[in-house]
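Based on the hints, put chain H in the right spot on chain D.
Read off the chains here:
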Amino acid sequence: MNPLEPAWRKQKSIPSSSRHAVDLIRELLDQLELSQWTNRQIFGIHLAMEEALMNAIKHGNLNDESKTVCVEIELTKEQFQAKITDEGEGFCLEDVPDPTEDVNLELPSGRGVAMIKNFVDQAIYNPTGNSVTLMARRKTKPAD
Amino acid sequence: MPFDCIKLEDVDEISVVRFKDEKVMDPSRIEKMGQELMSLAGDDDQRNLLINFEDVRFFSSAAINKLIVLEKRMRAGGGEIKLSNLRPEVRDLFSFTNLDGLFDIREQQSDAIRSFVKSTSD
Chain D
1 MNPLEPAWRK QKSIPSSSRH AVDLIRELLD QLELSQWTNR QIFGIHLAME
51 EALMNAIKHG NLNDESKTVC VEIELTKEQF QAKITDEGEG FCLEDVPDPT
101 EDVNLELPSG RGVAMIKNFV DQAIYNPTGN SVTLMARRKT KPAD
Chain H
1 MPFDCIKLED VDEISVVRFK DEKVMDPSRI EKMGQELMSL AGDDDQRNLL
51 INFEDVRFFS SAAINKLIVL EKRMRAGGGE IKLSNLRPEV RDLFSFTNLD
101 GLFDIREQQS DAIRSFVKST SD
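Those protein sequences? They're chains D and H, same order as listed. Going by the numbering used here, the first residue of the first sequence is number 1, and it counts up by one from there. Going by the numbering used here, the first residue of the second sequence is number 1, and it counts up by one from there.
Bear in mind the hints are in silico, worked out from the structure with no lab data behind them. There's no promise every hint is true.
[Claimed, not checked] Straight-line distance between alpha carbons at most 16 Å, and here's what the computed EDC-like set of lysine to aspartate or glutamate pairs gives:
| hint | chain 1 | residue 1 | chain 2 | residue 2 |
| --- | --- | --- | --- | --- |
| 1 | H | 72 | D | 102 |
| 2 | D | 117 | H | 89 |
| 3 | H | 72 | D | 106 |
| 4 | H | 23 | D | 23 |
| 5 | D | 58 | H | 31 |
Extracted from the complex, chain H is given alone in its bound form:
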């Protein structure tokens, strides 16, 4: 399935998502991005997701709300979601609103991938 707002690749059996927009702020793009993310959560083959924020310079509260809905859906289906490579100011968005308790946030993609492997092998 082609995506407009996200890029998807498999790394060590983990689905890694990146955003195509540097600034995730346009309401119609956020809506589309939310739909694309939810389509991944609905796919039985996509049990674990890593969202790599390396290319993201701006992220609004509306975009964060989409991630919260996704996290809920993933959790309900027994999947896991992790975030990595957040710029300090984007990381602040999550810590200022206590969302770093809801999401597992890692410095680097490789750390996050390793932690998935560890949690699935435990």
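Chain D extracted, bound-state conformation:
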């Protein structure tokens, strides 16, 4: 099998509710386990997806269930990629407080964005800030 050929692909627009996000994440986790990604990598992808989807629902679409979050996921033998887009006005990454600074440690905001950055290989936001593309490369060789 071509390592770049998608092993699993999903494109779905979900209403802005955590229940729908959880269902989608569960489906992705099943696929990662099926493809024998390591527990540590599954944890990282789970965390990044959870934070990105919750940001889109809460901060992007302001929990308005009439608005949707568009999710495109592609899993190949070698990498995971997901694009999450909300209907919000977006945000500027530079305006998000750095939660690792001592003065910001106790602030509730910014931690999700920092976690996303640390747990996947790439997190690229569009210029508007209402869409993020996550990418993680597989660290270990999958079993044939």
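Frame of chain D, contents of chain H only:
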């Protein structure tokens, strides 16, 4: 008081909290968990808390925010909070965001209990 999201036991006069959910991620459960933890901080008899993460496989940033609020409340009341038994990936959550400076994180529950005893006897 019965709890939905946490379990509570006393070990050597320290209140040890465990989470009932393996994956602490559902927003409504996180809200409830936060309320239950805060009820412990408001109790004068519960001065020191140890949170044992042994059963936790996933913890979101929203859940971490609840712990930060709890830590603030405990500190203001003269109490202490420690964490123990974190899986490596859950431990990463705290170290990547520098929160291992805010929380006293121990490998094992017994280490954490001993360190409470030591700090109260100093």
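Structure-based check of all given hints:
For the suggested pair residue 72 of chain H and residue 102 of chain D, the alpha carbons sit about 14 Å apart, so the restraint of at most 16 Å is met. About 15 Å separates the Cα atoms of residue 117 of chain D and residue 89 of chain H, which keeps this hinted pair within 16 Å; it holds. In summary, the hint linking residue 72 of chain H to residue 106 of chain D is supported, as the alpha carbons are separated by about 8 Å, within the 16 Å threshold. Distance restraint check for residue 23 of chain H and residue 23 of chain D: the Cα-Cα separation of roughly 14 Å lies within the 16 Å cut-off, and the hinted pair is therefore satisfied.
Proximity of residue 58 of chain D to residue 31 of chain H is assessed by CA-CA distance (about 15 Å); at most 16 Å being required, the pair is judged to hold.
Figure legend: structure checked against the earlier numbered hints; every hint is met.
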